[in-house]
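Participant: The lines below spell out each chain.
Number of protein chains: 6
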Amino acid sequence: MKFQTDLATLKKGDRVDHFLMIRRSELKQTKANKPFVSLELGDKSVSLPANLWDNFNSILSELTVGAVVQVEGVIEEYQNSPQLKIENIKLPKPSENISAEFFLPRSKRNFEEMKHEFYESISETENGYLKKLLNSLFDDKSFEKFSKAPAGKQWHHAYIHGLLEHTLEIIKICKLMATFHEEINKDLLVAGAMLHDYGKMEELVFDSAFDYSDKGKLLGHIVLASLKVNEAIIEIPEFPEELKNQLLHLILSHQGKLENASPVVPRTLEAIALYHADELSAQTNAYKSAIASDVNAQSDWTKYISLISTQLYKKEILNQ
Amino acid sequence: MKFQTDLATLKKGDRVDHFLMIRRSELKQTKANKPFVSLELGDKSVSLPANLWDNFNSILSELTVGAVVQVEGVIEEYQNSPQLKIENIKLPKPSENISAEFFLPRSKRNFEEMKHEFYESISETENGYLKKLLNSLFDDKSFEKFSKAPAGKQWHHAYIHGLLEHTLEIIKICKLMATFHEEINKDLLVAGAMLHDYGKMEELVFDSAFDYSDKGKLLGHIVLASLKVNEAIIEIPEFPEELKNQLLHLILSHQGKLENASPVVPRTLEAIALYHADELSAQTNAYKSAIASDVNAQSDWTKYISLISTQLYKKEILNQ
Amino acid sequence: MKFQTDLATLKKGDRVDHFLMIRRSELKQTKANKPFVSLELGDKSVSLPANLWDNFNSILSELTVGAVVQVEGVIEEYQNSPQLKIENIKLPKPSENISAEFFLPRSKRNFEEMKHEFYESISETENGYLKKLLNSLFDDKSFEKFSKAPAGKQWHHAYIHGLLEHTLEIIKICKLMATFHEEINKDLLVAGAMLHDYGKMEELVFDSAFDYSDKGKLLGHIVLASLKVNEAIIEIPEFPEELKNQLLHLILSHQGKLENASPVVPRTLEAIALYHADELSAQTNAYKSAIASDVNAQSDWTKYISLISTQLYKKEILNQ
Amino acid sequence: MKFQTDLATLKKGDRVDHFLMIRRSELKQTKANKPFVSLELGDKSVSLPANLWDNFNSILSELTVGAVVQVEGVIEEYQNSPQLKIENIKLPKPSENISAEFFLPRSKRNFEEMKHEFYESISETENGYLKKLLNSLFDDKSFEKFSKAPAGKQWHHAYIHGLLEHTLEIIKICKLMATFHEEINKDLLVAGAMLHDYGKMEELVFDSAFDYSDKGKLLGHIVLASLKVNEAIIEIPEFPEELKNQLLHLILSHQGKLENASPVVPRTLEAIALYHADELSAQTNAYKSAIASDVNAQSDWTKYISLISTQLYKKEILNQ
Amino acid sequence: MKFQTDLATLKKGDRVDHFLMIRRSELKQTKANKPFVSLELGDKSVSLPANLWDNFNSILSELTVGAVVQVEGVIEEYQNSPQLKIENIKLPKPSENISAEFFLPRSKRNFEEMKHEFYESISETENGYLKKLLNSLFDDKSFEKFSKAPAGKQWHHAYIHGLLEHTLEIIKICKLMATFHEEINKDLLVAGAMLHDYGKMEELVFDSAFDYSDKGKLLGHIVLASLKVNEAIIEIPEFPEELKNQLLHLILSHQGKLENASPVVPRTLEAIALYHADELSAQTNAYKSAIASDVNAQSDWTKYISLISTQLYKKEILNQ
Amino acid sequence: MKFQTDLATLKKGDRVDHFLMIRRSELKQTKANKPFVSLELGDKSVSLPANLWDNFNSILSELTVGAVVQVEGVIEEYQNSPQLKIENIKLPKPSENISAEFFLPRSKRNFEEMKHEFYESISETENGYLKKLLNSLFDDKSFEKFSKAPAGKQWHHAYIHGLLEHTLEIIKICKLMATFHEEINKDLLVAGAMLHDYGKMEELVFDSAFDYSDKGKLLGHIVLASLKVNEAIIEIPEFPEELKNQLLHLILSHQGKLENASPVVPRTLEAIALYHADELSAQTNAYKSAIASDVNAQSDWTKYISLISTQLYKKEILNQ
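First to last, the protein sequences are chains A, B, C, D, E and F. One point on numbering: in the numbering used here, the residue at position 90 of the first sequence is 1533, and numbering is uninterrupted. One point on numbering: in the numbering used here, the residue at position 284 of the second sequence is 1727, and numbering is uninterrupted. One point on numbering: in the numbering used here, the residue at position 172 of the third sequence is 1615, and numbering is uninterrupted. One point on numbering: in the numbering used here, the residue at position 178 of the fourth sequence is 1621, and numbering is uninterrupted. One point on numbering: in the numbering used here, the residue at position 30 of the fifth sequence is 1473, and numbering is uninterrupted. One point on numbering: in the numbering used here, the residue at position 99 of the sixth sequence is 1542, and numbering is uninterrupted.
Worth double-checking, as some hints may not be accurate.
Listed next, the in silico BS3-like pairs over lysine-lysine satisfying Cα-Cα at most 27 Å (straight line) [to be verified]:
hint, chain 1, residue 1, chain 2, residue 2
1, C, Lys1596, B, Lys1615
2, A, Lys1615, F, Lys1758
3, A, Lys1660, B, Lys1629
4, C, Lys1596, E, Lys1758
5, E, Lys1700, E, Lys1660
6, E, Lys1687, F, Lys1596
Hints listed in this document are in silico derivations from the structure and should not be mistaken for laboratory results. Please read all numbers here as calculations on a predicted model, not as lab measurements.
Let the hints inform the model, and build the full structure from the sequences given.
Facilitator: In structure tokens:
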């Protein structure tokens, strides 16, 4: 696929000749009963609304969420927000080999650097059983899927490689906590950090738009991770029962409270540290994203965010 | 072991010459600094308080919770409640072959009848995969443990065979619900009923006094059941993924709410029916037990029960 | 009224010549300031949206919710959902004798069978005072109203005869519970089951569209039932005070928790059984209805249901 | 009964020759197995602990809560708190005609003044139906019981005439609110104030020690009042249905929230005013009592009060 | 500014030639892509919707919320609600000297009377330190701002002088409470009443449309008041530490519960009285306003009010 | 004061000749009416129970909590726990110059190292206003008090220098978070970390036993800190209003939720990071302390801890 400028950098009046992913697609009708297609189109940088007023019958059935289309048009403004005026729309030729992945938001961190950090943490593990377990659960194929996954559908680290970025933050926080408290079993805590969201790669689908899988909604990522870890432990001879129980406890309790969908509350020193390290990484990232993506440009406050029942303040302090 | 009258049937002044299980044992001291042992001793019918004032040094270390002792003495009354005055206490001879199980409270239902009902339900299952799975999870050895377990430490069906009795009640309620709604998948719902508390046999210890196991406190019976069911399904060729997910969903969601330690809420028709069938069986049994075991003999009201934040009313209506 | 095919069985392109009830009626305006009427029209099987673009001034004042109109037109599709294109609309002639009741959703169970079951339960009552009370509260006139009522406005058994169907389910569940526990006073429990929602026939209006009455919003069906039962008991000589209090307690506590609008929590064995039997019947019916009526045809999941804060899973398991 | 000094005014070393009511009575045993009776004895001013070490067998069965005994002894101090050393105890002769009521705590306000204020409010009522209803519900016999009742077992206005004192406070607050808002129906609001706790005279027993009645625990004072008001309204010809519903709504909603045991929340202007007027009167009285009766004499803070999950501050500000 | 009739008194067909404040202003587009301005215009009596279809480009940038415009047109009806048809719109000439304040809703009470009542309460204060403090915090300049402020953005006393009106109600309620309980320190309680919402004048902006200030959202009116009172106390020589702490406690705890944003709960007699007096004044006013401003004219019930999760009943009882 | 071995290192039978602080003191009575003093005595390492049976009248009035006494005796065991048998007890001579501080638990970290780390963080601050503010609030006198304070009465870092140790942990966590997110204003966040619990030195008293001050209970440490920071900012010329508001916001919101006594919720990126960094440091330290101080030596589980509604698991995993 040839190079194309990020949509987010274009301004009112700029021309568009882009491959874009369909993020939303609805057949609507004007009050005069004339049908039209209301779309949201985007690349990895941003998504814009666009309406298709005519001549869409031949491709209507292809305009599904997650599909990629080739669009010519121009950037306009509507109610202070940019929108895309479509002049021509068509499907890419198969020969153009368009990958959906190209259009998904992704981590700003360098992937190879993150991968290196992650495997280094495995190699630092002194407990032989845990090391074997981590190497098994993060073999090449599993790591490929794990490392591609977002950490959530929307709230925090909701981008390709987001789960890996999030996991690395927690690992670093946990290692810092271990310097404060020698009573912490560092190997166990770091292994728990690595595996706590392992079930997210099954709970979410992230080939095109991010969403929950059926399995994810029926079982949840906490139990999905526990089943996988249990299966892997069965394959490791003489894996200590005590170690297994405490590791599974870390995964099960890492959301800290029953009402957060953890079936048990943290009952070990490592479990309480993991829970709060996860919260610290997740919520800080989420607030940063909410502030960065806020569309309310005129105001120092974001729009009301129902998940946290408040607005956030965007004004930066100049260091003086 | 020779026959002995149930403790619950004895009255003030009656002689005791019984094997009894120690339910509580504490070394205390009178204000005058004289040590004594405060005990609770019982058979399967009831437990009574008793103090050991003298000559206990030689057997003190054996007076642990769950141990069985041979006691001679007499029933007295103290503050309107019966207590046991110990005149002689000794350890049973190994040759007497005392089984702790004899002293545990047990279901009033006939065990063979319950077992028959249970296996009949398995044999009625039409879905071949579920039938295989049930036969595997309830093979002779597993059923022996499952059928012996109580359904709880204290609150409901807290007696030997209680889990089986509770499971049978739910099965019947679920079958009745299936007659109301043809949309219910009866095989799936009944299998869910049979397996919903399967993890209790690992979560609880019930060889002597009932308590939670370490594993039970760290993982919880819901996840313990899920791990076991998952392991058994792996052994059944071509077990359908969809069936597995819906069955695991029944187990995971059967406590109905996140704050009740279910990691997912009920999201299928069978799941909502199972949740409320479980509640109906459990709470009705629990209230019956709380009323039956209340010691507040003078009053029409039980003592305040903190688990349900209320007293219960004991007065029976005469049918007229 | 002549026979007419159920609306739910018609497909795109089918002609309509039907009497239909108005379920929603709003005067709107196009952006070009042209007024039109936005309607929802239905029979007992389903409701469809329809717009009236012209010539409605003469009948506008009659287009009120609950009124019945005669419509000619055709079934169309709009955004994947069926809608009704109106070609002609008029009011029925008085001589046509249209009953609003014909257009309301109704129980699928046979009414005479349900009525028979219900009175059989009364006749089985052994307690003479309760039997007298039930016969008084369910005399012909009261039973006619009671048996016609839905059990709710929307959530469960929300159709004509729904309250009767719901009550019969609970009666059966309660009788099953009485087979488990001889401590249950079966007459009292069954009488409580029969009367627990007696106030719903005053709390709801169900002559045309279902809604709450003023009295229902100010007093609630629990208190409305208590007032009626109290009035009836006053008329029965020597009705035992104890029996009255326990029966009223069943009605008052049947929603189980203060936050569910029960002014007292269940404090008797019968009360706890009734509460959970009610939940079991109500929630299972509600989930079935929510799944059956979901319009999200493309997906295995219903739309998000705010009352239960979740989506439901619709995929059926094939028995294999 | 001859005059006797209030117990609360006696100091360490003072002689006692008093009729006193038994507030608590328990048969206990010393560690040396010697039985004794642990009592709490009081007049209307205060209650003190006292132990009966010997010679109590002949009167033991009479030492029940609420009974009155004649005691000779002396005031002592034990752990910074006064207690009563009993030298002689006996039952009063029937000829002494001891009334239990004499020993109960009572309002400090003048009863005749309160009664006058109360009937004046009835006579000010302009709405004829409400006036009839109030005169019926507060006829001589009912007023005698109503005016004697406490407003609670322990928390607020928990003394003889407390319900009347509390009701008068609310009436005054409501009349003040009516001066702020002409939209308030003053007659309706004041009638609601008078009747809101009418059920307390059945919910509580207050002949000797204050406690809940069986009926009170099964039905609650809110429903008890509603039943009585409904019965009285039936006797008044043409009492308007609308007025009845709004008046019952005031009673039912006066605890403001479902979780406070109101089966409906306030939905009228009068209902919201009554709810908060009740809270203001009740909580202020409760905090005053909690501070006044605190035994923690050394500290500026009361002991922790679990009902409000806090301690209260007792230090008074001197006006300067 | 010349006299103009209140908008609220105009009916369908009446001519308009008014200065009006813009309460909402959005640039929209018809489905045919034609832009128009959707406005809400009002005076102090009411606000009406209005659309501007043409010729607005020259003044578009001035049509901001809070601005005042001069409008000619006519009152029309749309969906049973009045709206304003604009025939001509222009900006006022600077010479016309239009004050935004004129267009804000304001208290119906006479301002001078309220001011007099307020200062009378200060002059009645006997405690010299409190009197000095009140005179300092309510000097002419501060009182001008304080007395102009509304007590809230929307819910209660949300109009110019609303904070003063609300404060006076609480003062009267508190003085009534002091007649019930001599233990109340009246000077302290009344000073607390006067200052409890002192921070509202910084938390809110009320020059044109009412809203929260940045500072208000970051610190809240409770802390803003505490900072100001603390600053003023520092300037008063020998202000007693104890008095300062109890006064600040009244301000901090006046919302009664942590979840209401009070950082401490009421722990003194005055604090509990102030909390409930505030609730009584605020909620009664809020319900009155919600009923008065309800637009649902056909119904006896207001629309659903999400803040209190219910509808309110509007039907008045005729005194008979 | 001469050297004395830590009480925690003594075993059954060891002689004691120690200065010890009184942690609890109650005058009790044996059942035989003989008075005795029940004490808890400790040094900085541990506290032990001890009874004083005779000859205490002359010093009884001096045996107050927080006082230091000189004790001779021997270590005994009672119910598996050590206790102290007192043979002789007397008050220290004034000349012995006993400092209460010596007996308080204290941080295990080196104080000078902590002090150095703390001031280094101040000196790293680039924002001139914040640096001035920190230097003012942590001048020598204030730092002496601040650095001595515990971070809580019981739950976390409840020892001398605990507040400093806790603050340093948070500073490090915050600095790590700033490496993840360049959007974080590091100076502001670190200043917030330093000041978030500044009010604890006024909220707590820690000269002898740790407790809350009157001021602490009436105002809370969050507001106490805000008042102090506000006073200091007034003294710094041209301190930016925006910076002040955001800094105060960090202090006010650092407990994250209204129900945790924060009067505002976190609304900036720095605020959310500070809240979770505080939780992470506090809870991990608290769980470590709860495990370390658990007296339940026989079990792998601590006793039930009501603050967190659970037991904790103490078993350590051996690294293999």
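Participant: Take the hints in turn and mark each one as holding or not.
Facilitator: For each hint, the structure was consulted:
1. C:Lys1596 / B:Lys1615: With Cα atoms ~30 Å apart, Lys1596 (chain C) and Lys1615 (chain B) exceed 27 Å; violated.
2. A:Lys1615 / F:Lys1758: holds, 25 Å
3. A:Lys1660 / B:Lys1629: holds, 22 Å
4. C:Lys1596 / E:Lys1758: holds, 23 Å
5. E:Lys1700 / E:Lys1660: Holds: Lys1700 (chain E) and Lys1660 (chain E) sit about 19 Å apart, inside 27 Å.
6. E:Lys1687 / F:Lys1596: holds, 25 Å
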